[in-house]
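J.: Listed below, chain by chain, are the residues.
Number of protein chains: 2
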Amino acid sequence: MRILITNDDGIHAPGLKSIASVAAEFGEVIIVAPDRERSACAHAMTMREPLRVNEVKYLAARVKAFEVNGLPVDCVNVGLTIGWPDGCDLVLSGINNGPNLGFDVTYSGTVAGAMEGTINGIRSIAISMAILNSSETINYDLGADWLRENWDDLTHAELPPLVFLNVNVPNHPAKGTRYVGMGQRVYKDRVEMREDPWGRPYYWQGGVAVLDGAAPETDIHAVKEGYAAVTPVSLDWTDHAVLKRLQKTA
Amino acid sequence: MRILITNDDGIHAPGLKSIASVAAEFGEVIIVAPDRERSACAHAMTMREPLRVNEVKYLAARVKAFEVNGLPVDCVNVGLTIGWPDGCDLVLSGINNGPNLGFDVTYSGTVAGAMEGTINGIRSIAISMAILNSSETINYDLGADWLRENWDDLTHAELPPLVFLNVNVPNHPAKGTRYVGMGQRVYKDRVEMREDPWGRPYYWQGGVAVLDGAAPETDIHAVKEGYAAVTPVSLDWTDHAVLKRLQKTA
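Residue numbers (the numbering used here), protein chains in the order written: chain A, 1 to 250; chain B, 1001 to 1250.
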């Protein structure tokens, strides 16, 4: 099995080492990852600047690794071009240093890596450590162990061409695994104004995720209940029910 | 009607002036746009750097305009904070200087502006000029005219909370308007290798969009046939059919 691995936390992130060590047990691995942290870069693509690629030494002799001055989307496309020109069987993205639940999926560079693999026609999986409090210390071994145990299910699940899997693993031994939908993770106080030493305003964007009110059968709910959450994410974002209604009334 | 306008082509883009001049006929407009072009930035969010906001003079005395050193998502959130702290009725994003058809939707900063408006609970619309050849000169008046004529339909269409409208207007008088789904716009030759004057490789990402094989009832098909395409895009990306199957077999 030919495997391409990327992430959005950068080539030196511990989650990348974890995912690569598990993948190397099951196939031939090439890592192509950003040269630095690129969190919340979503499905952005570098089009206006040339991309540079450097081979780097990595933990395992059997794993080839490259850093790119770009984003996860860039890494997948460059990785397929230089690493797997004859094709690749699996794109893995992660393990992200935090959850990608609900609307996080729309901002996430980790998820975007899997999205780009899918657009390239390759089975793709994004994996994130679902800490629910940013002060928690992440134990990536839990994500690695979960991935190893569920490898067969993930790589054999019957998926249509435009669907990939988004996985959130709890930061404690999971009670089990639940297949669930994307929840609605709402942030409050999205923008905070401050003043610089010269009295001029500047703004921080971020906000606190409000996880409450998570409906059952969602990723947020599953993780709150202590389960790993696996969500099949589609690249057809059409709301077909609304479309039918609009076509009728047009 | 309180209207927030953003784009990904930057505060000086002609498409922004077009959309703002139409919107100002229907309501009170505040523009908050990136200080420079940020194409293909997707739903990325600036989290690691502070955002600065400058008020700028704009074409119409009645329109307030601000530039932000950030991305469309940043502009929407900062814009709602400083421009419409008591709420806003409509977020418009565009008019983009090129199509956002099929998978373009996943890379587009224009679409991301509408996505962020939707996450904030506001009716949102992204509009793009669907030239099918990058050498065409864009006539933004066509987009402005189309928007004016269809304003009532767009702002009154019955949409559930997580759905926004993605509009592609042809670069010639449209034969009409079709409500359609997201097509599959495939690119070929995604990554091109070149050598710098010192013989070191670098890579350009881009590729040529292959529009052929567009299924009927898709945005790509509608635009190729000469129609404006309106697509209801959902922020629930769960593939519910696949989810049900996975839950049964798990």
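Since the hints were made in silico from the structure, they are not lab data.
Misleading hints may appear alongside valid ones.
As the list claims (entries may be wrong) - Capping the alpha-carbon separation at 30 Å, the derived lysine-lysine pairs in DSS-like fashion look like this:
#	chain 1	residue 1	chain 2	residue 2
1	A	LYS224	B	LYS1064
2	A	LYS224	A	LYS17
3	A	LYS244	B	LYS1064
4	B	LYS1188	A	LYS248
5	B	LYS1224	A	LYS248
6	B	LYS1057	A	LYS175
7	A	LYS244	A	LYS188
8	A	LYS188	A	LYS17
9	A	LYS188	B	LYS1064
10	B	LYS1064	A	LYS64
11	B	LYS1188	B	LYS1244
12	B	LYS1175	A	LYS248
13	B	LYS1248	A	LYS224
14	A	LYS244	B	LYS1244
15	B	LYS1064	B	LYS1017
16	A	LYS224	A	LYS175
17	A	LYS244	B	LYS1175
18	B	LYS1248	B	LYS1175
19	A	LYS175	B	LYS1064
20	B	LYS1248	B	LYS1188
21	A	LYS244	B	LYS1248
J.: The structure should be examined with respect to each hint, and the outcome stated for every one.
T.: How the hints compare with the structure:
With a CA separation close to 43 Å, the supplied pair LYS224 (chain A) and LYS1064 (chain B) exceeds the 30 Å bound. Distance check on the hinted pair: LYS224 (chain A) and LYS17 (chain A) sit about 26 Å apart at the alpha-carbon level, within 30 Å; holds. Between the alpha carbons of LYS244 (chain A) and LYS1064 (chain B) the distance comes to roughly 38 Å, so the proposed pair goes past 30 Å and is violated. A distance of roughly 36 Å separates the Cα atoms of LYS1188 (chain B) and LYS248 (chain A); the hinted pair therefore is violated under the 30 Å criterion.
Of the supplied pair hints, the one linking LYS1224 (chain B) and LYS248 (chain A) holds, its CA atoms being roughly 22 Å apart against a limit of 30 Å. Only pairs whose Cα atoms come within 30 Å are accepted, and LYS1057 (chain B) paired with LYS175 (chain A) is rejected, the gap being roughly 58 Å. Taking the CA atoms of LYS244 (chain A) and LYS188 (chain A), the gap is about 34 Å. The hint is violated against a cut of 30 Å. Restraint check for LYS188 (chain A) and LYS17 (chain A): not satisfied, since their Cα atoms lie roughly 33 Å apart, outside the 30 Å limit.
Pair hint LYS188 (chain A) plus LYS1064 (chain B) holds up; C-alpha atoms about 26 Å apart against a cutoff of 30 Å. Straight-line distance between C-alpha atoms of LYS1064 (chain B) and LYS64 (chain A) comes to about 52 Å, which puts the hinted pair past the 30 Å bound. Our distance criterion of 30 Å between C-alpha atoms is broken by LYS1188 (chain B) and LYS1244 (chain B), whose separation comes to about 34 Å. Distance hint between LYS1175 (chain B) and LYS248 (chain A) is fulfilled; the C-alpha atoms sit about 19 Å from each other, no more than 30 Å.
Under the criterion of a C-alpha separation no larger than 30 Å, the hint pairing LYS1248 (chain B) with LYS224 (chain A) is consistent with the structure, at around 22 Å. Note on LYS244 (chain A) and LYS1244 (chain B): the hinted pairing holds, with a Cα-Cα distance of about 22 Å set against a maximum of 30 Å. Note on LYS1064 (chain B) and LYS1017 (chain B): the hinted pairing holds, with a Cα-Cα distance of about 12 Å set against a maximum of 30 Å. Taking the CA atoms of LYS224 (chain A) and LYS175 (chain A), the gap is near 11 Å; set against the 30 Å cutoff, the hint holds.
Taken as a hint, the LYS244 (chain A) and LYS1175 (chain B) pair is honoured in the structure, with Cα atoms around 21 Å apart against an allowance of 30 Å. Between LYS1248 (chain B) and LYS1175 (chain B) the alpha-carbon distance is near 46 Å, which puts this suggested pair outside the 30 Å criterion. Restraint check for LYS175 (chain A) and LYS1064 (chain B): the C-alpha separation of about 53 Å exceeds 30 Å, so the hint is violated. Restraint check for LYS1248 (chain B) and LYS1188 (chain B): the C-alpha separation of about 37 Å exceeds 30 Å, so the hint is violated.
Taken as a hint, the LYS244 (chain A) and LYS1248 (chain B) pair is honoured in the structure, with Cα atoms around 28 Å apart against an allowance of 30 Å.
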